[in-house]
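Top to bottom, those sequences are chains A and B.
Mapping of the first sequence onto my numbering: position 71 corresponds to residue 71, and the numbering continues sequentially without gaps.
Mapping of the second sequence onto my numbering: position 78 corresponds to residue 78, and the numbering continues sequentially without gaps.
Please note that a few of the clues may not be correct.
[Unchecked claim] Calculated lysine-lysine pairs in the DSS-like style (CA-CA distance at most 27 angstroms, straight line):
(1) A:K49 - B:K30
(2) A:K27 - A:K77
(3) A:K34 - B:K30
(4) B:K326 - A:K27
(5) A:K77 - B:K45
(6) B:K129 - A:K34
(7) B:K219 - A:K34
(8) B:K64 - A:K47
(9) B:K260 - B:K232
(10) B:K319 - B:K260
(11) B:K196 - B:K232
(12) B:K129 - B:K326
Since the hints were made in silico from the structure, they are not lab data.
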Amino acid sequence: MDIVNVLGIPKDVVKGSALISLVGQNKVYIENFKNIIDYNCERIRIKAKNGIIDVIGSDLQIERYNNTEIIIIGFIKEVKYV
Amino acid sequence: MFEKLIRYFRGILHISTDIESFERVLRIAKANNISLNTISNTNEKITFYVYLKDYLKFREVLRKERVFLRIINKTGLPFFINKNKSRWIVVFGLVMSMIIIKYMSLYIWCIDFSGNNHISDESLRKYLKEKRITEGSKISELDATALEEDIRKDFPQIIWVSVDVNGTKLTLSVKENHQLSYNDKCSEVCDLVSDKDGIVVSIVTRRGVSNVKKGDSVKKGDILISGIIQVKSEYDELLRQDYTCADGTVIIQVTYEFKKEIMKSYNEKYYTGRISRAKYLRLPDYTIKLPENVKYGRYDTIIEEKDIKLSENMYTPVKYGKIYYKEYKIKNKQRTKTQAESIVNEAFSEFYENFNRNGIQIIEKNVTIDESEEKYIAQGYVTVTEPVGVRQIINIKEESITNEHN
Numbered sequence: 001m002d003i004v005n006v007l008g009i010p011k012d013v014v015k016g017s018a019l020i021s022l023v024g025q026n027k028v029y030i031e032n033f034k035n036i037i038d039y040n041c042e043r044i045r046i047k048a049k050n051g052i053i054d055v056i057g058s059d060l061q062i063e064r065y066n067n068t069e070i071i072i073i074g075f076i077k078e079v080k081y082v
Numbered sequence: 001m002f003e004k005l006i007r008y009f010r011g012i013l014h015i016s017t018d019i020e021s022f023e024r025v026l027r028i029a030k031a032n033n034i035s036l037n038t039i040s041n042t043n044e045k046i047t048f049y050v051y052l053k054d055y056l057k058f059r060e061v062l063r064k065e066r067v068f069l070r071i072i073n074k075t076g077l078p079f080f081i082n083k084n085k086s087r088w089i090v091v092f093g094l095v096m097s098m099i100i101i102k103y104m105s106l107y108i109w110c111i112d113f114s115g116n117n118h119i120s121d122e123s124l125r126k127y128l129k130e131k132r133i134t135e136g137s138k139i140s141e142l143d144a145t146a147l148e149e150d151i152r153k154d155f156p157q158i159i160w161v162s163v164d165v166n167g168t169k170l171t172l173s174v175k176e177n178h179q180l181s182y183n184d185k186c187s188e189v190c191d192l193v194s195d196k197d198g199i200v201v202s203i204v205t206r207r208g209v210s211n212v213k214k215g216d217s218v219k220k221g222d223i224l225i226s227g228i229i230q231v232k233s234e235y236d237e238l239l240r241q242d243y244t245c246a247d248g249t250v251i252i253q254v255t256y257e258f259k260k261e262i263m264k265s266y267n268e269k270y271y272t273g274r275i276s277r278a279k280y281l282r283l284p285d286y287t288i289k290l291p292e293n294v295k296y297g298r299y300d301t302i303i304e305e306k307d308i309k310l311s312e313n314m315y316t317p318v319k320y321g322k323i324y325y326k327e328y329k330i331k332n333k334q335r336t337k338t339q340a341e342s343i344v345n346e347a348f349s350e351f352y353e354n355f356n357r358n359g360i361q362i363i364e365k366n367v368t369i370d371e372s373e374e375k376y377i378a379q380g381y382v383t384v385t386e387p388v389g390v391r392q393i394i395n396i397k398e399e400s401i402t403n404e405h406n
C-alpha cells in the first residue's frame, strides 16, 4: 500500500505532481512544472514530472512565468496529459 | 492599481526575442528564479516584460549563453531617474522649492477678520501688532488661547472670539455685543451722568436715586442717577448714606445740527480714457516693480493686489499686483440749484442714516437750502431720542467730607 495514500499527504507535495487549477475558461494555474516545451497562440506544452501537459485554446498568453508557477490566460479549450 | 505602482517603482522592461531562442530563455529564467510577465507570441516574435532587477541578472547569464534580447521599451522610476540625472539643477530646484515651501509654511502670511462690524479690521490689526502678531510671525509662537483671552479682556464689546490658524492663514472670528447694556458687575460706587445735552424723555432707575425727571433739560456732565442713597427720617433728618453703582436707562431727546456749503463754481474731473499699466511683485520688505513711464499730467492710481497662494489657505509672503494710471482732466463748471439739492439730500440722508443704530430713534428731521452769490448753504437738524449715560466713579471720602461740612 502506498504510504502517501495512507497518510493522506498531498501528492503534489511528496511526489512533485503537477497541480493544475482552472479558473473558468480563461485562466489556468500550473504549479510543479519543469519547463515549457512549445509555445504558440493556440497551444502551450508544458513538461511536468508525471508527463506533458497540453493546453489548447486560442489567444493564449503566459501572464506570469517563474520558478514555481505558470499562469496562462486566453480562451482555453482543453487541458490534457499526453 | 497597486500592481501598476509596483511596476513603476521597480522599473520594467518590454523585451522581444525570436521564437527559436525563446525556449532557452524560459529555461534560463526558471533556473535563475527570474519572473517573466505577460508573455505573448505575435508575428513570430515573442515579447515579455521583466523587472529591472531580474533583467540585470538575466542579461549576464544570457550573454554567456549567446542569447540576445531586444529591449522594446523601458518604463518606471529607475529609468526616469537615470534619464534625468544630468538635469540635476531641476532636481535641485525642486528640492529647494520644497524646502522653501516647508520653511514658509511655518509663518503666518495672511490675517483675516470676520464678524466685526463696530470694531474695524484696522484696529484689530493694530491690536495684534501690539501683541507682535503680524504677517511673518511664527505659527509655533502663537498662543491662540491666550490671545483669545486677551481680546475678550481688552474688547469688552466682543462676547466671543476664535483664533484659528489654517495653513499660513490666521483667521480671527469675533462676535460683538450690539445691545446697549452696562456692566452689571460694577463694584464701584458711581453716578450715571449724561454724555449729551438734551431733554429727558424717559427714565427707568434700577439702582440709585434718579436726579432728573421726564421733561427736564440736561447738559453734558449732569448726574442723571445718583449712586448715593440718602436715608432720611420722617423729620427729614439724614440718618445715613448708602452707596451703590447707579444703574438705569435714561432716554433723552437730542438735536443734531447739519450744515453744508456747496460752491456754485466747481472743478469737474473727467477721465480721458488713457490708461497706463505697470506690474509689480511685493515681498514683505521689498517691491520689485517693472519700469513705468507715466506721461500724464493728472492721473488717478488704482492698485490691484493679489496674494500668491499654493492652496486656499497656503499663503506665501509674495504678492503681485497691477497698477493702473488713469489720466483725467479738469473742467470748470457751474452747479445748478437742482444739482446742489441732490448733493445736499445725499449728504443729509448719509448724516441721519448714522443715527439708525440700536436704541436711537429719529423723531424729526429737516433741511433747507439758501442761495448766496457764490454758494449754496444747507442747514438742517435731526432730532432723535437715544439712551445716554456713562458711569462716573464717586470718591466716597470726598463725598463724606462735603456732607460733613454741609
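* Violating hint indices (sorted, rising) -> 4, 6, 7, 9, 10, 11 and 12
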